[in-house]
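Protein chains: 2
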Amino acid sequence: MIMSLAYGTQSAAAPLERMEIERAEPKDDEIQIEVMFTGVCHSDIHQAKNEWSNTVYPCVPGHEVVGRVKKTGAKATRFKEGDIVGVGCMIDSCRACEPCKDGDQNYCEGPNGWLATYNGPMTPATETQDASNMYGRDNTFGGYSDTVVVKEDFVLSIPEGLDPAAAAPILCAGVTTWSPMQHWGVKAGDSVAVLGFGGLGHMAAKLAKGIGAKVTVLTSTPEKIADAKAQGADAAYVETDKTALTPLAGTFDFILSTVPEKHEVGALLDLLKRDGHFVVVGNLDIVDGVDNSKLAFKRQSVSGSLIGNLQETQDVLDFCAANGIAPEIEIVDIKTINEVFTRVENGEVRYRAVIDMKTLS
Amino acid sequence: MIMSLAYGTQSAAAPLERMEIERAEPKDDEIQIEVMFTGVCHSDIHQAKNEWSNTVYPCVPGHEVVGRVKKTGAKATRFKEGDIVGVGCMIDSCRACEPCKDGDQNYCEGPNGWLATYNGPMTPATETQDASNMYGRDNTFGGYSDTVVVKEDFVLSIPEGLDPAAAAPILCAGVTTWSPMQHWGVKAGDSVAVLGFGGLGHMAAKLAKGIGAKVTVLTSTPEKIADAKAQGADAAYVETDKTALTPLAGTFDFILSTVPEKHEVGALLDLLKRDGHFVVVGNLDIVDGVDNSKLAFKRQSVSGSLIGNLQETQDVLDFCAANGIAPEIEIVDIKTINEVFTRVENGEVRYRAVIDMKTLS
Numbered sequence: 001m002i003m004s005l006a007y008g009t010q011s012a013a014a015p016l017e018r019m020e021i022e023r024a025e026p027k028d029d030e031i032q033i034e035v036m037f038t039g040v041c042h043s044d045i046h047q048a049k050n051e052w053s054n055t056v057y058p059c060v061p062g063h064e065v066v067g068r069v070k071k072t073g074a075k076a077t078r079f080k081e082g083d084i085v086g087v088g089c090m091i092d093s094c095r096a097c098e099p100c101k102d103g104d105q106n107y108c109e110g111p112n113g114w115l116a117t118y119n120g121p122m123t124p125a126t127e128t129q130d131a132s133n134m135y136g137r138d139n140t141f142g143g144y145s146d147t148v149v150v151k152e153d154f155v156l157s158i159p160e161g162l163d164p165a166a167a168a169p170i171l172c173a174g175v176t177t178w179s180p181m182q183h184w185g186v187k188a189g190d191s192v193a194v195l196g197f198g199g200l201g202h203m204a205a206k207l208a209k210g211i212g213a214k215v216t217v218l219t220s221t222p223e224k225i226a227d228a229k230a231q232g233a234d235a236a237y238v239e240t241d242k243t244a245l246t247p248l249a250g251t252f253d254f255i256l257s258t259v260p261e262k263h264e265v266g267a268l269l270d271l272l273k274r275d276g277h278f279v280v281v282g283n284l285d286i287v288d289g290v291d292n293s294k295l296a297f298k299r300q301s302v303s304g305s306l307i308g309n310l311q312e313t314q315d316v317l318d319f320c321a322a323n324g325i326a327p328e329i330e331i332v333d334i335k336t337i338n339e340v341f342t343r344v345e346n347g348e349v350r351y352r353a354v355i356d357m358k359t360l361s
Numbered sequence: 001m002i003m004s005l006a007y008g009t010q011s012a013a014a015p016l017e018r019m020e021i022e023r024a025e026p027k028d029d030e031i032q033i034e035v036m037f038t039g040v041c042h043s044d045i046h047q048a049k050n051e052w053s054n055t056v057y058p059c060v061p062g063h064e065v066v067g068r069v070k071k072t073g074a075k076a077t078r079f080k081e082g083d084i085v086g087v088g089c090m091i092d093s094c095r096a097c098e099p100c101k102d103g104d105q106n107y108c109e110g111p112n113g114w115l116a117t118y119n120g121p122m123t124p125a126t127e128t129q130d131a132s133n134m135y136g137r138d139n140t141f142g143g144y145s146d147t148v149v150v151k152e153d154f155v156l157s158i159p160e161g162l163d164p165a166a167a168a169p170i171l172c173a174g175v176t177t178w179s180p181m182q183h184w185g186v187k188a189g190d191s192v193a194v195l196g197f198g199g200l201g202h203m204a205a206k207l208a209k210g211i212g213a214k215v216t217v218l219t220s221t222p223e224k225i226a227d228a229k230a231q232g233a234d235a236a237y238v239e240t241d242k243t244a245l246t247p248l249a250g251t252f253d254f255i256l257s258t259v260p261e262k263h264e265v266g267a268l269l270d271l272l273k274r275d276g277h278f279v280v281v282g283n284l285d286i287v288d289g290v291d292n293s294k295l296a297f298k299r300q301s302v303s304g305s306l307i308g309n310l311q312e313t314q315d316v317l318d319f320c321a322a323n324g325i326a327p328e329i330e331i332v333d334i335k336t337i338n339e340v341f342t343r344v345e346n347g348e349v350r351y352r353a354v355i356d357m358k359t360l361s
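Top to bottom, those sequences are chains A and B. Going by full-length UniProt numbering, the letters in the first sequence line up with residues 1 to 361, in that order. Going by full-length UniProt numbering, the letters in the second sequence line up with residues 1 to 361, in that order.
Hints in this document: simulated from the structure, not taken from any laboratory. Keep in mind that a hint or two might mislead.
Chain copies aren't distinguished; within one or between two, either way the pair holds.
Restricting the straight-line Cα-Cα distance to at most 16 angstroms, the calculated cross-link-like pairs of lysine to aspartate or glutamate (EDC-like) are [stated by the list, open to error]:
#1 Lys294 <-> Glu109
#2 Lys75 <-> Asp153
#3 Lys70 <-> Asp29
#4 Lys262 <-> Asp288
Starting from the given sequences, assemble the full structure and let the hints guide the process.
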């Protein structure tokens, strides 16, 4: 048993504070990672505060984790000590269902679905799986910690040339926007609109631009327009600017909504071309205003998408390294994490906070 | 000018009655068709009663038209006198926009979109089109008539072996359900659910079965369950039967909603597999209950689709002929058309009324 340091919380009402946690020694197929950087995702806040009503305490958030391999299990061969590696939202899946066999671990249909990096239930993922193969706790602990232990096949390789701190947000914000663009075939020359310009939205815009699409950012925050353009967007407008948007009717192949709140899509469907896709990744509520008098006349779709699979996660890391793409990050001290949470909630971070885990010691 | 007999209405409140109308002589690229059979589509009623607030009177409905070629324009070469032909929902499009160039005339983006077989505006479809090429009336007149005159490239060939009366509903109800199954790639072995079992729904079930899919019908009318099975559905349930539907969660590749009213889709999304498509063709309202906590976790889509293009219409006619598929029809006398409308509105027709145009004389 490794005694490890982490930041976590004991209840929905309590702030995150330093705590000592147990981490299992790496088993045969696992590796132990010394965490260097962990991105702060909005869902860390939802989970820590039990806003999804499923949090098990103590809760240690963090699923955008980059670190250095410290120890490898006896049969773990993919990585060696010192390698820079990443861990995203998942650390296991059933490996037996159709999605898992197709490599879509993020849509695992095993009894418990995929195992989340934190707050994942410590129960076997299949009926035949050996319970002793699990981690001996009620819930998984995430990357706000000096150490994580993960099955090696759920560990990503951080390519050389990618700054380890900037790589962290690619593991969630990056792949969550990359995966739907790949699935729905966004390609060079396409017109893409990104709705919402925060952690996910700014990555979506950079990745779409990297693919060669023409990118338009639609934001609720006028002050972000200049940033969006500076980061490479071809155009950026306030999402309610009818004068700007009316001439854009029927011009987009793909609209990706990264808005983290429930919102209307009715007027936005007007912006899509025939056979256009409107994909929602930022929010899990009812999508209001899905109007079939619009969908049918242009054979449009409204779709959802959840994170991305392991191969897509490796692909987007490699794509970012090869194309010089990196999220805009602000490196923070873990001792300020509660203030950082408030700033994320207020939309004040530009554009992703990343914890430097050296500040934990 | 041909003086022609038709059934139409002079106002939203008036019943349909026999009237004399003018039909232009066929121009170079047109053919004149002696109408044999015309299907009664629910939209005929919406239009005749101005329920879409866009009806121009007098209104002569009918867009499931089968007849015999009587006269061909000087440069019309596709058909000869005596050929059995069909006319569906469209009789012209701009031919210049991207959808038209792609063969998707049903998504024409010309200034007026595609020209509807009835109640279509008699204005040029493109800015450069010669207005004298149009029909010299305010609005197009449909197939509740002894004669129609149509540009030959919007005329379909009715294959030998297809009963001309039964062919009529294929021109709208058939292609409207065929087109989305083709577009979204429904194939042999897929599991397809058809929601609603009327004119469109019963054709959807027959076509999906013909493709080789496993077909489940979901209806609001318990008495239709036996019919659905008799017509080849593998299973049929009342759509609110939770005992039957709960075990079917996550089992359908494709759900086609043919329900002609606004309805909730929330619970139905549970029935879809990963990457499943829920396509609405029966209704043009807001689709209620599009829940991204369901869509995202299985990367599902909710989509619309409008009729089908000319090639798809010919394809579904040929497919029906080759596979012995025909709608269930009830041949009616045009003098009873007002009672037939009431029976359609009450869901009493099994499953499509087709007017025998001999009864007009």
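Structure-based check of each hint:
no., hint, in the structure
1, Lys294 <-> Glu109, "between (33 angstroms within a copy, 13 angstroms between copies)"
2, Lys75 <-> Asp153, "within (12 angstroms within a copy, 68 angstroms between copies)"
3, Lys70 <-> Asp29, "within (14 angstroms within a copy, 78 angstroms between copies)"
4, Lys262 <-> Asp288, "both (8 angstroms within a copy, 14 angstroms between copies)"
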